[in-house]
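Number of protein chains: 2
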Amino acid sequence: MKPISSRDNPLVKRLRALATSARERRKHGETLLDGAHLLAAALDAGWPLKQLVASEGGAARAEIVALLARAPVALPRVVLPDALFAHVSPVDAPSGVLAVIELPAAPPARALEDSVVVLDGVQDPGNLGTILRTAAAAGVHDALLTEGCAQAWSPRVLRAGMGAHFVLRIHEHADALARLAGFPGPKIATALGTGARVLYDTDLDRPVAWLFGAEGQGLSPALLAAAELRVLIPMAPGIESLNVGAAAAVCLFEQARQRAAWQTSRPPHDD
Amino acid sequence: MKPISSRDNPLVKRLRALATSARERRKHGETLLDGAHLLAAALDAGWPLKQLVASEGGAARAEIVALLARAPVALPRVVLPDALFAHVSPVDAPSGVLAVIELPAAPPARALEDSVVVLDGVQDPGNLGTILRTAAAAGVHDALLTEGCAQAWSPRVLRAGMGAHFVLRIHEHADALARLAGFPGPKIATALGTGARVLYDTDLDRPVAWLFGAEGQGLSPALLAAAELRVLIPMAPGIESLNVGAAAAVCLFEQARQRAAWQTSRPPHDD
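As they're listed, the protein sequences go chains A and B.
1 is the number of the first residue of the first sequence in this note's numbering; add one for each residue after it.
1 is the number of the first residue of the second sequence in this note's numbering; add one for each residue after it.
By construction, these hints were calculated from the structure, which means they are not laboratory data.
Predicted, not measured: the structure shown is a model, and the values here were computed from it.
Beta carbons are placed, not taken as given, at the ideal position from N, Cα and C, and that holds for glycine.
You may find that some hints are simply not true.
Simulated coverage check for chain A against chain B, where a stretch passes if three residues somewhere in it have a Cβ under 8 angstroms from a Cβ of chain B [said to hold, decoys possible]:
no. : region
1   : 48-60
2   : 91-100
3   : 160-169
4   : 174-185
5   : 254-260
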C-alpha cells in the first residue's frame, strides 16, 4: 500500500466527489458504503465491492481489522491518514472504513405480486433509508420511489438503510400508478379524519401497496386518489400524527404480525 | 413594530444564541419553537409563549397569518427581513415563524405509575424528538432521559417532537434505575438473540418501562441488566435490526393495540 497524503490524489478526489455529489455518483456509476456495520451487511449479502478504504485510526480498530480480513483477498484496499479520510467521508462523524461499489442497474420492471412500499417525495435521506430498512425487516421485497425522492443509493441513505439495499428491489424514478396497475391487493394510504378505518381492524393478510408521502407534504393528490383504503393509527389526544418513518414501522409490522398470526392460528393438521 | 436590520440588534443576538447553543439556552432559561406546525401545537396546548418572530416572507403566508391571529393579543411580535430570520433560525430550511418560550421546570419526581419510556444516551436530536412524538402518540405520559441524551428542549428536538413536549412529562438527567425502583410493571428491553421473547406473545396490557438505547451503542450494561424482560421483533432474513425510532414505534403501538383490544374484547356489561 502506497501512502497517500494529498487531496489532489486521484483516488481521494474521486472519493470526495462520490461522497458529496449525486451527479458525480451517476457520472462515475459508483457510490460509497460508509461504516463497519454497513460493510458487514454488504459482505453478508455477497454484494460486490470495488475498493476498500480505511483511515489509519480505523485500520487499528479490531472491528475493522476483522472486517478487512473477511473481504475478498483480491479486493484493492488503501489506508488514508485520518484527516484525509475525514475529507472523503460522506458522514459528519467518520467511521474509519468505507467501500466503493457500483451503482446497481435498475431491477427488472416485472409485475409486482406481493406487498410493496411506495415512497412519494421522501427527500430526507435519513427518513428514506430508515423506511427502506423497516420495509426490508418487515419482509417487503419491493420499494417504488417516485421522482421527488432522494437518491436511494446516496451514502447517507445507504447508511440509514443499514443493509436494506442489499435485500430489497429498489425501483427509482418510478411511475407508481403505472407500476401498480393490476396489483393484486389494495393500495393503502395512512390518513387522518373521516373515511379512514382503524389499522388494527383492517385485513392486512394479503398483498398491500403501502403509500407513504413526505413529512409535511403528504402524498401527491393522484396517489392519494388512487388509494382504495385509508387507514388511521389511533393516537392519544394532543398528538396529530407520527413521523413518516414511525408510521411506516407501525403499519408494516402490523401487517407482519397479522400474516404470522394467520400462519400460526391454523390448526396444525388442517388443510 | 420597529424594523430590525442588523445582526447586532440585541434581540437578534439573543435569538441566534438560543438557536445555536445549549449553554446559552440554559443561561437565559429560554428556547425556540420553530415552524408553524409546532407553534400551532403549542397554542393548542395552551403553552405560554414569550415572543413571536416571523420573517417578512413568512408573515405574508396565509398559514402564518392565521397562526399569528390565534396568538394572544398581548404577545410581543416582531418581523425580521428574510436573511436575518435565516440567521437566527435553528433549522437549515427556515420555516418563516418561531417563538421564544421559557425552558420549563423539571416535572415533579413523583412515583411512576403507568408506562414510561427510558431513553439512554440518545444523542441524535431527530431520533430523540421522533421517539418522544411516538411515545406521546401511543399514550405514554412520562419519558426518562439519561445524562447522555441530547437536550430535550433544543429547537431541533422540539421540531422533531412536533408537540410531544407539550403533553409529556420529560425528566432530563434522570437516574433511571433509581426512578424505576418500585415501578409496578416490567422493565423491557428490545434485544436480539437468546432469552428474548417475541413482542407479540408478550403481555403488554400493564404498565411497562420501555428501555431504548442509542443507535449503535444500545443500552448501558446497568440498564440492560435491570430489564426483567427482553423482547424481539421478528424480522425477515438479511436485516439485523431496526432504527431505534422504528423499534420504539413498533413496541409502543403494539402495547397500545393490546390495551385497546383488551378494552373492547370485554363484554359490555361485565364488571
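Are 3 or more residues of the region 174-185 of chain A near chain B, judged by a Cβ distance of less than 8 angstroms? Result for this restraint: violated, n = 0.
Under a C-beta cut-off of less than 8 angstroms, do 3 or more residues of the region 48-60 of chain A approach chain B closely enough to confirm the stated coverage? violated (count 0)
For the region 91-100 of chain A, count the residues whose Cβ lies under 8 angstroms from any Cβ of chain B; is that count three or more? violated (count 0)
Taking 8 angstroms as the Cβ threshold, is the statement that the region 254-260 of chain A is covered by chain B upheld or broken by the three-residue rule? holds (count 4)
Count the residues of the region 160-169 of chain A whose Cβ falls closer than 8 angstroms to any Cβ of chain B, and tell me whether that reaches three. holds (count 6)
Hints 1, 2, 4 from the list above are not met by this structure, while the remaining hints are.
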